[in-house]
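Undergrad: Produce the complete structure using the sequences and hints provided.
Heads up: the protein sequence lines correspond to chains A and B, in order. In short: position in the first sequence from 1, add 2, done, that's our numbering. In short: position in the second sequence from 1, add 2, done, that's our numbering.
One thing to keep in mind: the hints can contain errors.
Pairs involving identical chains hold if they fit within one copy or between any two copies, as the list cannot separate such chains.
[As the list claims (entries may be wrong)] Listed below are the simulated DSBU-like cross-link pairs for lysine-lysine, each with C-alpha atoms no more than 30 angstroms apart in a straight line: (1) 82 with 187; (2) 82 with 23; (3) 113 with 82; (4) 23 with 118; (5) 73 with 118; (6) 105 with 173; (7) 173 with 118; (8) 173 with 83; (9) 82 with 170; (10) 4 with 73; (11) 73 with 148; (12) 118 with 12; (13) 23 with 73.
Please keep in mind that the hints were generated in silico from the structure rather than gathered at the bench.
Protein chains: 2
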Amino acid sequence: MKALEDKIDKEGLVFPGNVLKVGSFLNHQLDVDFLMEMGEEIGRLFENDGVTKIVTIEASGIAIAVATAAKMHVPVVFAKKTKTSNLNGESYTANVHSFTHNKDYDIVISKQFINKEDKVLLVDDFLAVGNALNGLIDIVGQAGAKLAGAAIAIEKGFQGGGDALRTKGIKVESLAIIDSMEDGKIIYRH
Amino acid sequence: MKALEDKIDKEGLVFPGNVLKVGSFLNHQLDVDFLMEMGEEIGRLFENDGVTKIVTIEASGIAIAVATAAKMHVPVVFAKKTKTSNLNGESYTANVHSFTHNKDYDIVISKQFINKEDKVLLVDDFLAVGNALNGLIDIVGQAGAKLAGAAIAIEKGFQGGGDALRTKGIKVESLAIIDSMEDGKIIYRH
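TA: Structure (structure tokens):
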């Protein structure tokens with residue numbers, strides 16, 4: 003999505019260690035008119051995939067998930083992050099390792115809100131090595147639901163998480179894929 | 003908003019201790035079509051108040067803030083919750099006590115994203131004693147911004163937070179105000 007690449011080039015801040023900050027429009031301040039455009043594009047990319055539910059992770063996935071759902075007219079479920087496993091049997095849980103924060107956390111979704119009749123589109127703001135997304139895929143599997151695929155705003159292609167999923171046959175659509183960002187210069191995959 | 007009262011009556015679960023769970027549409031699963039309706043209603047309620055920015059708190063405030071911004075065409079900024087104060091001088095912070103979880107946390111907004119030119123509408127999913135909202139009002143003051151008011155999906159009127167703010171002259175609009183919920187029966191204020 004050219005408009006997203008332009009937005010990253012204009013507003014994104016690159017820091018050492020391949021850190022990209024897009025807090026001005028995607029994960030602290032939200033440019034909601036632009037989010038709605040991204041949601042419409044994701045809706046088009048998955049309009050023939052029979053999606054019944056969008057699943058994301060709190061907190062910064064919620065905004066783009068809502069924007070996508072406004073186009074697709076299906077419910078969103080957002081996984082909650084916790085530090086301790088919920089063992090009451092009422093929730094699906096998966097463990098996720100965060101390289102950004104160098105710690106593990108659990109993601110939790112109530113069994114009420116995802117089931118084997120669902121065809122799930124995963125939506126998130128960022129995809130790097132894919133740990134969060136793999137946790138969500140694990141939960142979709144636990145629920146016996148089908149996976150329609152994953153839609154991401156910004157994929158760090160050079161970290162491999164997206165391509166690993168594509169190799170498994172999962173439909174992964176990222177609105178911008180960054181192939182390198184050395185010396186502050188961002189190169190996109192086309 | 004009659005449609006919200008009907009939704010609470012149909013899907014809300016009341017637990018001892020005046021706990022109301024609305025995870026089926028507002029804070030775990032999100033009924034996005036309905037959220038967009040709530041956002042439109044909030045937009046109408048504040049259409050003449052010169053709002054330049056919507057401010058909320060992660061995570062469950064983000065969805066209704068985005069829905070409101072889609073109507074009002076202004077940016078959203080969501081405060082982040084942290085356990086430790088950010089003392090680098092680049093952020094506004096306020097301390098919030100959560101009665102629900104019986105602990106304190108800090109909310110943080112980068113100084114980049116709120117300033118004295120802004121007229122801020124605070125948006126959140128729930129209002130009870132008002133600690134989170136008072137933290138946001140504190141931050142709006144630190145930034146020298148003006149406060150347009152606060153828009154809430156569900157206010158627990160019997161906990162007094164909303165009325166305390168109204169007494170101070172702040173415009174607080176809640177789409178549903180619960181005056182009591184004893185024995186599982188919800189009584190709304192009209």
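Undergrad: Hints first: check each against the structure and report whether it holds.
TA: Cross-check of the supplied hints:
no. : hint         : verdict
1   : 82 with 187  : between (34 angstroms within a copy, 29 angstroms between copies)
2   : 82 with 23   : both (23 angstroms within a copy, 15 angstroms between copies)
3   : 113 with 82  : both (13 angstroms within a copy, 27 angstroms between copies)
4   : 23 with 118  : between (37 angstroms within a copy, 24 angstroms between copies)
5   : 73 with 118  : within (23 angstroms within a copy, 34 angstroms between copies)
6   : 105 with 173 : within (28 angstroms within a copy, 42 angstroms between copies)
7   : 173 with 118 : within (19 angstroms within a copy, 45 angstroms between copies)
8   : 173 with 83  : within (25 angstroms within a copy, 33 angstroms between copies)
9   : 82 with 170  : within (26 angstroms within a copy, 35 angstroms between copies)
10  : 4 with 73    : both (20 angstroms within a copy, 25 angstroms between copies)
11  : 73 with 148  : within (21 angstroms within a copy, 33 angstroms between copies)
12  : 118 with 12  : between (43 angstroms within a copy, 24 angstroms between copies)
13  : 23 with 73   : both (27 angstroms within a copy, 27 angstroms between copies)
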